[in-house]
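Participant: Here's the letter readout for the chains.
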Amino acid sequence: MKRTIKLRIFSFGTAFFMLLCCLATAESGPDGSRKSPTPVALKAAKVWTGTGQVHDDALVLLRGRQIAAVGKDIVLPAGCEVIDLGSAQIAPGLIDPFTALGAVGQNIEIIDPIHPEATAEDVFDRFHRDFERALAAGITSVVITPSLDNLVGGTAVAVKTAGTCACSRCRVLRRGGPLLLTLSEAAQKRNRAPTSRIGAIDLFKQTLARARTPAVHGETPSPRIEALVRGELDAYFYASWRYNLDTVIGLRKEYGLKLTLVGLSDAWEMIDELAAAGMPLILGPFNALTAERELCVPGRAQAAGLEIAFTSGAPGFKPEGLRSSAALAVRYGLERDAALQAMTLHAAKMAGIVERVGSLSPGKDADMVVFSGDPLDLSSKVLRVYVNGTPVYAGACCGGCCAESEVCP
Amino acid sequence: MHCLKLAFLVLTAACLPVLSVTAAQDDESALRADKIALKAGRIITVLDEEIENGVILIDRGKIVEVGKDVEIPYDYWVMDMSDKVVFPGMVEAHTTRGIDRTNESLPVVPFLSVYDAIDPSNLAFEDALRDGITTLLISQGNNTVIGGMSRVVRPIGRTVDEMTLKAEAGLKLSASPMYGQDRLTQMAILRETFRELEEYLGDLAESAYEKDLEKKGETIKLGPAAAREKGAALISDKDLDFRHKNLKRLADGRLAAYVYCGAAMDVYNAVAFAEEHGFLKRTVFVLGSECYKAVDLIKSTGRPVILEPSMIHRETDPLTGDETEVFVPLAFFEAGISFAVTTEPRDVYGLRYPWYQAARLMRNGIPRETAIKAITITPASIIGMGTRLGALMPGYDATLLVLTGDPLESGTWVDKVMIGGRMVYEQEKDYRLKELLTGQEQPVEPAPQGDQEEKAAEAEAAPGQAESASEANKDAGKSQEKAPPSGQ
Amino acid sequence: MNVTPGLFSRTNTPLLFFLFLAIALGGTLSIAPSAAADEAGDAKPLLIQGGRILTMAGVDFERGDLFIRKGRVAAVAPRLRARRGVQVIDASGKTVVPGFIDACSALLREPGGRSGSRATCSVIDAINTFSLQQKRGLEAALARGVTTVAVFPQASSGVGGYAAALRLIPDAAPRELVVEEKLALHAAVGLGSYGRPFHRLGEIENLRGALRGAKEYEEALENYTEELEEYEKKLKERAEKDDTEDQDKETDTKKNGNGKRAGRTKSRDNNNNDKKAESATKNDAAKDKDKDELKKPKKPRHDPAKERLLEALDGEIPLFVEVHRAADVINLLDIVEAYPVKLVLIGCTEGFLVTSELAGAGVKVVAGPAFRETELERNEFRNHVPWFAAALAKAEIPFALASSGRLAGETRHLTLNAAQTVAHGLTERQALEAITIEAARLLGLDERLGSLEKGKDADLVIFDGDPLSSAAKVEMVIIQGRIVYQPGA
Amino acid sequence: MMNSSLVLLICFVLLFGFASAEAREASDSSGLLVVKAPKLYIGDGRVIENGAVVIKDGKIIQVGPLSEAPQGAAEIKCPSGVVTPGLIDASSTAGLIDKYSWTEHSSEVVSHLNVLDAVDMRSRDFERLARQGVTTVYVTPGSGSVVGCRGCVLKTAGPAGERIVVSRGSVKATMGRDSYRRGGWNRGPRGRVDFWTRRPTTRMGVTWIFREACFEARKYRDARTKPGAATVPHDAALESLAAVLDGQVRLRVQARKEHDIWSAIRLCKEFGVDLVLEEGTEAYSCVPELKEYGVPVVYGPVFAYPTGFRAGSGEANEPCLNTAGILHEAGLLFALTASDLSGEGALPHQAGFAVRAGLPRAAALRAVTAAPAEILGLSDRIGLLEPGYDADLVLWSGEPFLPTTRPIAVVVGGEPVHVAGITGAELRVLQRAAKESPEK
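Chains as they are written, first to last, in this note's numbering: chain A, 34 to 442; chain B, 17 to 504; chain C, 1394 to 1882; chain D, 22 to 461.
You may find that some hints are simply not true.
[Unchecked claim] Taking lysine to aspartate or glutamate pairs in the EDC-like style, the calculated list, with each CA pair at most 20 Å apart, reads:
| # | chain 1 | residue 1 | chain 2 | residue 2 |
| --- | --- | --- | --- | --- |
| 1 | C | K1627 | B | E226 |
| 2 | A | K79 | C | D1859 |
| 3 | C | K1691 | B | E245 |
| 4 | B | K237 | C | E1633 |
| 5 | C | K1689 | B | E215 |
| 6 | C | K1866 | A | E327 |
| 7 | C | K1528 | B | E339 |
| 8 | B | K237 | C | E1630 |
| 9 | B | K237 | C | E1625 |
| 10 | D | K77 | D | D243 |
| 11 | B | K237 | C | E1623 |
| 12 | B | K232 | C | D1636 |
| 13 | C | K1528 | B | D312 |
| 14 | B | K237 | C | E1620 |
| 15 | D | K312 | D | E395 |
| 16 | C | K1691 | B | D219 |
| 17 | C | K1866 | A | D305 |
| 18 | C | K1528 | B | E341 |
| 19 | C | K1629 | B | E341 |
| 20 | B | K232 | C | D1635 |
Keep in mind that the hints were calculated from the coordinates and are not lab data.
Starting from the given sequences, assemble the full structure and let the hints guide the process.
Facilitator: Structure, rendered in structure tokens:
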């Protein structure tokens, strides 16, 4: 009770704050280039760009919020401050493309099975502790989606887990993000139509059909669904089992939908079909109990030329799950580079925020994670996290017990 | 279901007397005669080779002679079955037919007996007769640790005593966990029980020794340990209380044990335990489908096994997701273990019949002889009656079936059942079967002649049409049309 | 533990170092394994050459050879020459480590059953090596370098029976896997018993009661044995006395007889005989008297459960208790204080809060799992921290890392558990020790397992690289000198 | 052992056959599959002694005596075998994802939905059925709604895409308890009137809703056909129900009890609709009505005791073991079904026990091949061994439907999908070999 009150006060306070800093950002431009602050360069034993290359003892040059250059021998501007991270390795900030951070229980709405106008941005609570936890796991950007209780659940929102200024606006990477679609059991268990798989899929088909040819059927369809069938709006399709995926693949082809498949746990059954359709996958979370043939899926999918990403299942599961999912995938045959790309670039693509984040390339936001070792080894820990070029997390100290590891602050 | 039961109750009430009465009308001697000569089209002796157009001589319920050209003494009453096949009565070596509830909820109840659970008027026994089962070992279910006494019965008689062939056939144990219990506890309870038995016998021996001395008026000279050894010889079954009596007999190997193993791992536990407590030599394993994986161990024990009705084991590989299907009896056959098959009385049409189970064996590549033995002589010898039942040989009981055709064929029906030389089932008097086949209410009195003829005509019409319909039946050999027994 | 960072640096250590090692090992250079002796031995002798050997016994080899004979490690040295009849395995560029030990696993234990705990149980009864599910589980664990698991009865509160240590040999019957059938007695606090309502209070009290009961039982038994000796001594004495008396009694009666006859003939001077007779009857009476006071001692009722418990109480076998909350740990410690128990805690999620107490009581801990997304919501685990192991290490509490022992699938990720603890404060060496030699020590198997030393069982794994890295591949697994897993072949 | 050697023979022949096919590049025998057996049962009663079936790209191109069979083609043969058309189960629940719990409850009339959407093409059921010799199934919708959704016809083997024969089949209606069972839960928790409240609670309610639906459909049809139809809002459910009234789509009614069958017939008479009777547990006692109105029956499964969901309905307690025989004698068109039994209890078993109870063997064969094909309206494609028909056939170890015989080889669409004793994986390898060799 107390906490909520505090929050409310807080949020009142921030309304004013937001106004201020939004003005500020407006006047300084999103990339603060006009201010031209002292350039900073990070030096590390290894730099994973997320685009496939890996530079040994290379530099990452930052300018303000953004990355200016990455590489082994880049010319450092005069008066550039170089931070040497020693044996540490730098990777792009990790991205979890499918979460409900800070929105558990807030993102449910079950009046109408077709609910495209809902937006997850409305439940984005930037003060929530989930974001700190995610940050500690090296996750710098996440997609917050509506719940799975509707066939069409509304649009997700892509946000950063930390901001440099107090306003929540500049933490939003993309509003009106991917539209959430599903035929999951959850959407059939409600006290309203549909109550069955066939009912659901029929309603689903009709919704799409109506959107394409509104003239025939009297009513006016939702603009978002129209955008979807016109291929302007991308969407997540959540399915935990392979059932009806053939139908969905068919629909995707028929309407040219931009679909990303989420949560499929028996994908091994139809890797080939998915590959043929070229449908990107968001897999996971994997943990110690995940069946082996499921753990083999990422490797096989990548071999079949599919784009994949991982989700940590946060906050239901630990946000560290993102990295351990990738590590497990590597253990079962996924290549390291591919695994890293899955956590960064591909995730960014699927979330539709690739022009801002997802790789260490000039012009993108300087969101980086500093690992004590190889990012794909669970034996290496997150030392620092940079968002927009500023360190926002500097290693949780485990009661001084890790004194040996020289990088503990 | 309910209706069936009702219908049956009415019918049995009527039928039982009618059966005998009408039989008597047909031919007095059928029931009176001690000496019967069965002329059969085909005799399947099981232990010897089959006999075409043979004769079986029966004297006071025992078979005295079986052969091709046996000359029939003047005083034998002759039954002519030359268009029929004679087959020994089928034996069910382990079943819960005729019991409404099969297990007590307590884990260790060696003092219980199915005697108190068998309901002679139960539909199952009538079905058993109709399906050709003439001997059943009725035992407790598998959901127990030590279940209690089983008993061998025939499906005839008004009281359990009338039905009984063998009163204390064996003790039921289970190595698979009873409901809501894990294997640890299952085995722990078994061990504790036998440890407790040890203690109990020890104390008993001690006191017996002391009593003995007192009787002689002598003073105690030995300490407990020695006393126990001395006294062990002095105790007899009558000194034991009801909780320990059967366990003791089991431990002495004076009682057969029917040990249920649901999974291969249970077989290992069961064998080890039985060996440790000295009743392995009297153990019969009742095996679930997965147990074929422990076939080597079972072979090493040299004990016979009883297989559960569904003899197929399906398993899915967690890695590849491929499903494998194993026909369990094959493993035992190839290992040369003698096995009996059982039936599932409540199952859909099919697994209820021993002959169908045998046919399944054959279908999956087990030779005919083995298949037939698995429902006759093997189970008979498993329940310790291999010298009386399960074959048609001189000296065996005249417990046999008269079939309309080959026993392993779906077209074949049980025409008559003789148990101990007495005709106990005749299909033409089986009103419930007719009802099941025609869907019409059957008059309890045999219908007047005219009607009979019509029925027969109908019945013949069936194969007639079939022939006109296709040449398939011409030289289909054994698969000739069998007229449906609509009571000719 | 002696942590020498140099040993773990990938860069080649100078040859001098090797020489020093060689000397330290005692002229191993001269060892020339003779194959002839081993023709009798069932398994062919093996020589693993040129691998990076982490012996977990203090010394490591950047490049070393390891010779296996009769299922045991016969020699570890920088260089060994192979005689004929010895199968040589080239491990150059590979890493050789002792087979990993999961000190608390659910592998091969048939799941299911909601029965309450029972001290007379023995987990070996529930080991299933037949079902495809379990077979695959075993292979998976083997393929990740785990060669030995300690399996405990399903965790439910109270005393749960014997645990067992098993070797992961493919396609073997349960009994063939057994390393130690009576590894330890298992108990649990704070997990609630299946089927029954869960009261922490009750659970602690039950455990305390059980221990006390066992102790009383022991005393009762001791008393009984004493009384019994007493009684049997008396019996013997009396028996002897009786014999002598019987004899002279017989003689008396004879005399009496004569006397009587004499009496019949002469009715005079037979009174002295009568006296004798009287005395005889008298000491008969006396005999009856001392028969009455000679009482047989009452034997206490036999109780198998208590007897099991006693084994643990007297420290014959260790007592492994699964407990997670600090408060429970404290309670547990002062419950067992009174007895000479070898106490080992399983799980111990909140152990980092009470390290001083644990260290004080000299308790060992089977910690973990670190790699756990499951069951976090459960009350018992709510305070799980990633650096729990580091905390134990800092307090110098001997500990092993294990999968939780709840679900069989977790065992195959044992190395990931270790890796995560490295991320949170442990050194790589500590982590590796915690799943090899330390685990063996905890389980009391360090005579045979846990490190690559002369005389120990040859259970070892050859990795293609750093065992803790997530991409590490197992090239070969050897158990008791036999190659049981080899992905290539 | 006997059959294992037999199996060996078969796979050898398969491989060798294809090898030789490769050898004879020139001859036209490449890509042919020949199934030889001492006996071919055509399915309509005809029998060919020592015959051969010649298959080319999924179709039967020739059925005749051995002598006419082309040489050097791939062969499957069995010394003692019998070849029949692939069996057809005209009312199965194979592949349904959540078998008994997937009824759409948002309306009592859901004739616009397709059961195909609830079928998992990769389900185990199909391969199990194929193993039993069943090559085609009509997947029937559940019985939860008064006017349920539309069934579909599937092959039991082959690539997931190509297995659909008919995607929108007959409309299913249900008389009797199944369709009002849910009505019992009418009052939601605490007697609240909610989503469920609508559903019928009695047989009266069921028939009433059925009749209403038909009236509505008729109205709708008339409105749509009249000028100004555009203004009438489209209603998919009524659309397909109207199609039923016009006789373009078949109506299948599930009824078990005598009086349910009667009311089914009565209602259909009233609206002049032809129906196919499903299950018809007590059909034996309404033979005259069925005959008079010429109702085809899909009967089954044969059972002495009800199992599965039937047991719950309490409508299956008075079976007649010889129902099939009685229907046959009455000269009715009927097919046998095993419904939810996919293992050994499947179609051959059903036929076998129908024969035991009095159905002539030839009629039994017809009742699982030609008859169901006719009922499904596919008698020009499946159910017979005729040139031009789909190459779905079963090679039996002996006389079909005996308990001692079993399918040795099952061919679907020209592909051997089951060969006794060979695991699925091995067979796949075999098929690949078969595919590649002719091209080389």
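Participant: Each hint should be assessed against the structure and marked as holding or not.
Facilitator: Outcome of the hint check:
1. For the proposed pair K1627/C and E226/B, the alpha carbon gap of about 17 Å is at most 20 Å, so the pair holds.
2. Restraint check for K79/A and D1859/C: the C-alpha separation of about 18 Å stays at or below 20 Å, so the hint holds.
3. Note on K1691/C and E245/B: the hinted pairing holds, with a Cα-Cα distance of about 18 Å set against a maximum of 20 Å.
4. Distance check on the hinted pair: K237/B and E1633/C sit about 9 Å apart at the alpha-carbon level, within 20 Å; holds.
5. Taken as a hint, the K1689/C and E215/B pair is honoured in the structure, with Cα atoms around 17 Å apart against an allowance of 20 Å.
6. Our distance criterion of 20 Å between C-alpha atoms is met by K1866/C and E327/A, whose separation comes to about 19 Å.
7. The suggested pairing of K1528/C with E339/B holds, with an alpha-carbon distance near 15 Å, which does not exceed 20 Å.
8. Of the pairs offered as hints, the one joining K237/B and E1630/C holds, with about 10 Å between alpha carbons and a cut-off of 20 Å not exceeded.
9. A C-alpha spacing of about 9 Å is found between K237/B and E1625/C, which places the hinted pair at or below 20 Å, so the restraint holds.
10. Of the supplied pair hints, the one linking K77/D and D243/D is violated, its CA atoms being roughly 48 Å apart against a limit of 20 Å.
11. Distance hint between K237/B and E1623/C is fulfilled; the C-alpha atoms sit about 14 Å from each other, no more than 20 Å.
12. Using a Cα cut-off of 20 Å, the hinted pair K232/B and D1636/C holds, with the two alpha carbons roughly 17 Å apart.
13. Using a Cα cut-off of 20 Å, the hinted pair K1528/C and D312/B holds, with the two alpha carbons roughly 18 Å apart.
14. Of the pairs offered as hints, the one joining K237/B and E1620/C holds, with about 16 Å between alpha carbons and a cut-off of 20 Å not exceeded.
15. Annotation: proposed proximity of K312/D to E395/D holds, straight-line Cα distance about 17 Å (limit 20 Å).
16. Of the supplied pair hints, the one linking K1691/C and D219/B holds, its CA atoms being roughly 11 Å apart against a limit of 20 Å.
17. Distance hint between K1866/C and D305/A is unfulfilled; the C-alpha atoms sit about 27 Å from each other, more than 20 Å.
18. For the proposed pair K1528/C and E341/B, the alpha carbon gap of about 17 Å is at most 20 Å, so the pair holds.
19. As the CA atoms of K1629/C and E341/B are separated by approximately 70 Å, the hinted pair breaks the 20 Å bound.
20. Distance hint between K232/B and D1635/C is fulfilled; the C-alpha atoms sit about 16 Å from each other, no more than 20 Å.
In the structure shown, a violation is registered for the earlier hints numbered 10, 17 and 19, in ascending order.
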